[in-house]
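Colleague: Number 63 in UniProt numbering belongs to position 63 of the sequence shown; there are no gaps in the numbering.
Among the clues, some could well be false.
[Claimed, not checked] In silico DSS-like links for lysine-lysine, alpha-carbon gap of 25 Å or less:
no., residue 1, residue 2
1, Lys-74, Lys-85
2, Lys-126, Lys-182
3, Lys-85, Lys-119
4, Lys-66, Lys-85
5, Lys-85, Lys-70
Rather than coming from a laboratory, the hints here were simulated on the basis of the structure.
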Amino acid sequence: MNTLIKTNKLCKTFSNGGRMQHVLKNIDLEIYDGDFTIIMGASGAGKSTLLYALSGMDKPTLGEIKFSEKEITKMNTDQLASFRKENCGFVFQQIYLIDSMSVLDNVMAAGLLTCKNKKEVSKKAKEILKSVDIDESLWDKFPTQISGGEAQRVGIARALINNPRLVFADEPTGALNSKTGKDVLDTLTSFNNDGQSIVMVTHDITSARRGNRVLYVKDGEIAGECLLGKYSENDDDRHRKLSDFLVSMGW
Numbered sequence: 001m002n003t004l005i006k007t008n009k010l011c012k013t014f015s016n017g018g019r020m021q022h023v024l025k026n027i028d029l030e031i032y033d034g035d036f037t038i039i040m041g042a043s044g045a046g047k048s049t050l051l052y053a054l055s056g057m058d059k060p061t062l063g064e065i066k067f068s069e070k071e072i073t074k075m076n077t078d079q080l081a082s083f084r085k086e087n088c089g090f091v092f093q094q095i096y097l098i099d100s101m102s103v104l105d106n107v108m109a110a111g112l113l114t115c116k117n118k119k120e121v122s123k124k125a126k127e128i129l130k131s132v133d134i135d136e137s138l139w140d141k142f143p144t145q146i147s148g149g150e151a152q153r154v155g156i157a158r159a160l161i162n163n164p165r166l167v168f169a170d171e172p173t174g175a176l177n178s179k180t181g182k183d184v185l186d187t188l189t190s191f192n193n194d195g196q197s198i199v200m201v202t203h204d205i206t207s208a209r210r211g212n213r214v215l216y217v218k219d220g221e222i223a224g225e226c227l228l229g230k231y232s233e234n235d236d237d238r239h240r241k242l243s244d245f246l247v248s249m250g251w
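Turn these sequences into a full structure, and let the hints guide you.
Modeller: Spelled out as structure tokens, the structure:
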């Protein structure tokens with residue numbers, strides 16, 4: 001397996017009312033190309049902080065992060081912005097589509113950050129909207145005129161339009177009902193099956209089952225790891241293995 005991200009003694013500390021809060025503690029971690037890596041843990045364990053550090057959205061206090069052998073912890077703000085634009089896609093619980101822009105224009109706006117050929121970006125945006133099952137009848141609608149599940153799939157299209165090496169997803173189904181959440185997970189799983197690398201934070205065991213690898217964060221450290229292999233929908237052994245692992249972690 002090719003290593004996409006490698007961390008060395010990664011630490012993140014915040015000042016909270018004059019007291020130092022150690023959110024991440026000496027994390028050594030590798031993320032592999034093509035994996036669907038899940039990060040789980042209790043509220044406040046540091047899982048989202050870890051995701052933001054790995055993606056270059058937040059700088060660690062100590063330690064280093066290498067992304068394809070480039071040490072991103074030494075990059076300045078402009079370099080990090082360029083790095084994220086070229087290598088990363090982001091899907092959040094809050095979708096952050098621009099309400100004053102159509103579905104198509106929301107996806108194109110992300111594409112135009114790396115390619116100034118509007119015709120080429122429009123073609124690619126339409127192709128990727130089709131690939132996430134957004135019907136052409138919705139392309140001219142505004143985000144407030146489509147469902148939450150549709151909006152999240154538009155968010156996935158936006159995250160994928162620049163061919164990112166890695167997609168970071170932070171609770172992407174957290175605000176969705178079970179049916180629309182499954183649709184979003186199916187979309188992410190489909191892209192992962194085609195080789196897209198994904199790191200996803202979740203507190204939901206149904207979402208976590210989609211990963212081939214589950215990392216459990218506890219008190220700012222990686223407390224354990226569960227390897228599940230490729231996802232299969234009707235795999236009772238997979239569910240049992242993950243459940244037993246989470247119980248052993250104190251979930």
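Colleague: A separate judgement is required for each hint: does it hold in the structure or not?
Modeller: To see whether the hints hold, each was checked on the structure:
| no. | hint | result |
| --- | --- | --- |
| 1 | Lys-74 <-> Lys-85 | 17 Å, holds |
| 2 | Lys-126 <-> Lys-182 | 23 Å, holds |
| 3 | Lys-85 <-> Lys-119 | 20 Å, holds |
| 4 | Lys-66 <-> Lys-85 | 16 Å, holds |
| 5 | Lys-85 <-> Lys-70 | 15 Å, holds |
No hint from the list above goes unmet by this structure.
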